[in-house]
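Protein chains in written order, with UniProt numbering: chain A, 1 to 244; chain B, 1 to 244.
Think of the hints as simulated: they come from the structure by calculation, not from any bench. Hints may contain errors.
[To be verified] Partner residues are not named here, just some residues of chain A that face chain B (Cβ under 7 Å, in silico):
1) ALA99
2) PRO102
3) ALA127
4) PHE132
Virtual Cβ for every residue (Gly too), placed ideally from N, Cα, C.
There are 2 protein chains.
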Amino acid sequence: MPGALWIVGLGPGGAEDRTGRATTAVRDADAVVGYGPYVDQCADLLSDAQLVERSTMGREEDRAARAVELAGEGRRVALVSSGDTGIFGMAALALRAAAAVPEAQRPAVEVVPGVTAGTAAAALLGAPLGDFATVSLSDVLVPWEQVEARLSALAATDLALTLYNPRSRTRTWQLDRVRELLLEHRDPETSVALATDVGRPDQDVALSTLASFDADAVAMRTVVLVAGPTAERVGPWLVTARGR
Amino acid sequence: MPGALWIVGLGPGGAEDRTGRATTAVRDADAVVGYGPYVDQCADLLSDAQLVERSTMGREEDRAARAVELAGEGRRVALVSSGDTGIFGMAALALRAAAAVPEAQRPAVEVVPGVTAGTAAAALLGAPLGDFATVSLSDVLVPWEQVEARLSALAATDLALTLYNPRSRTRTWQLDRVRELLLEHRDPETSVALATDVGRPDQDVALSTLASFDADAVAMRTVVLVAGPTAERVGPWLVTARGR
Numbered sequence: 001m002p003g004a005l006w007i008v009g010l011g012p013g014g015a016e017d018r019t020g021r022a023t024t025a026v027r028d029a030d031a032v033v034g035y036g037p038y039v040d041q042c043a044d045l046l047s048d049a050q051l052v053e054r055s056t057m058g059r060e061e062d063r064a065a066r067a068v069e070l071a072g073e074g075r076r077v078a079l080v081s082s083g084d085t086g087i088f089g090m091a092a093l094a095l096r097a098a099a100a101v102p103e104a105q106r107p108a109v110e111v112v113p114g115v116t117a118g119t120a121a122a123a124l125l126g127a128p129l130g131d132f133a134t135v136s137l138s139d140v141l142v143p144w145e146q147v148e149a150r151l152s153a154l155a156a157t158d159l160a161l162t163l164y165n166p167r168s169r170t171r172t173w174q175l176d177r178v179r180e181l182l183l184e185h186r187d188p189e190t191s192v193a194l195a196t197d198v199g200r201p202d203q204d205v206a207l208s209t210l211a212s213f214d215a216d217a218v219a220m221r222t223v224v225l226v227a228g229p230t231a232e233r234v235g236p237w238l239v240t241a242r243g244r
Numbered sequence: 001m002p003g004a005l006w007i008v009g010l011g012p013g014g015a016e017d018r019t020g021r022a023t024t025a026v027r028d029a030d031a032v033v034g035y036g037p038y039v040d041q042c043a044d045l046l047s048d049a050q051l052v053e054r055s056t057m058g059r060e061e062d063r064a065a066r067a068v069e070l071a072g073e074g075r076r077v078a079l080v081s082s083g084d085t086g087i088f089g090m091a092a093l094a095l096r097a098a099a100a101v102p103e104a105q106r107p108a109v110e111v112v113p114g115v116t117a118g119t120a121a122a123a124l125l126g127a128p129l130g131d132f133a134t135v136s137l138s139d140v141l142v143p144w145e146q147v148e149a150r151l152s153a154l155a156a157t158d159l160a161l162t163l164y165n166p167r168s169r170t171r172t173w174q175l176d177r178v179r180e181l182l183l184e185h186r187d188p189e190t191s192v193a194l195a196t197d198v199g200r201p202d203q204d205v206a207l208s209t210l211a212s213f214d215a216d217a218v219a220m221r222t223v224v225l226v227a228g229p230t231a232e233r234v235g236p237w238l239v240t241a242r243g244r
């Protein structure tokens, strides 16, 4: 008899930013599957009775297939991601793997949303987002030209931006290119925040400007938040104009 | 001595989608302030020992001022919003009110992020978001022309959209105008979901297309999700292409 698969977003980092539904799913699971650091993120919920499978980076398809396989064997499986699993997380891959299973053998599947890193970073700064866009800078799965096209179009709008996957060991120049694209339309003094490891003990938030932020200070786990044109410093906070 | 102010996002609806931090903030508060239905949303956390102030719609500035006032009197105050308080919630107004208090008298302030309705709706559908934009259709605080300009620019991109505040008693024609703007660039068969009261007992998700969705079935509490061009039906789910 097929089991169950929870595709879980654990929130940005700390246990306190996890939802009750995510906590229950991981605790009730017979098997927990995920990229190692994300399994670590819910270590407080794991027990010796659970099968725990940690995998390495870049093995997303294997991870999705394995979670579906375990659920097909009758287990109750939690496949964990950081943040919201539907925002550059494991949900799309895992659902495709589950859909490939004939319906009669398909496990029950539930996607458990979480707090995404971009809005958690925004909360640390104050309330810098009005209307906003969420874009991944990774060109692992799409041509870089497509990423550029999105950012060029967004640069000409007044939307704030939360940029994910801004840099990797091999992708080091893209963020400077993004700065150039944005500067074609936006004020050099636009507030830009680099939020790294949000919700984790080594959390770091650096507030700077579009012209002067340090692209070399950005890690893969950084979210780059570009404020909209109406955002301003209000006391110690960065706050958007209401309604804009 | 000044107290504390937590500006809390309660998540989309049900208690299970609340974070631990939001739960703790409301439970530890001496005073809870919010729009009536949002206070109801955390009724399971309230006690007789707390001062609970429910307010009516459209009184956002009063609510923000009152929360800051109570915190200034030394209380520990939770100002609650649905979803993420930084996404068209109370955070910007409340921080402005707090910043107006001289620093020595200013309460400690913490913004507590939550799961926003758009990604919770996405999770109910599957994984329809890749890169995406979050836009409010309300023209209460900005001219409608500005809202149109954003949507026209976004229509020409391949971003998915989560549209908030799509309709009110007095704003009934805007969503049809949005459809027109999107159809200038996007396929009429683009998947559109209307997600109403996400996470609440009367939750309703209707999947349709850009050409044919029923704008009259949309309520103020509906999130309209417009999938990107690569999203497709995969088994029972709506799933974006990986990386797109």
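Against the structure, the hints:
1. ALA99: 3 Å, holds
2. PRO102: 10 Å, violated
3. ALA127: Nearest chain B Cβ about 4 Å off; hint holds.
4. PHE132: 6 Å, holds
Of the numbered hints stated above, the single one contradicted by the structure is hint 2.
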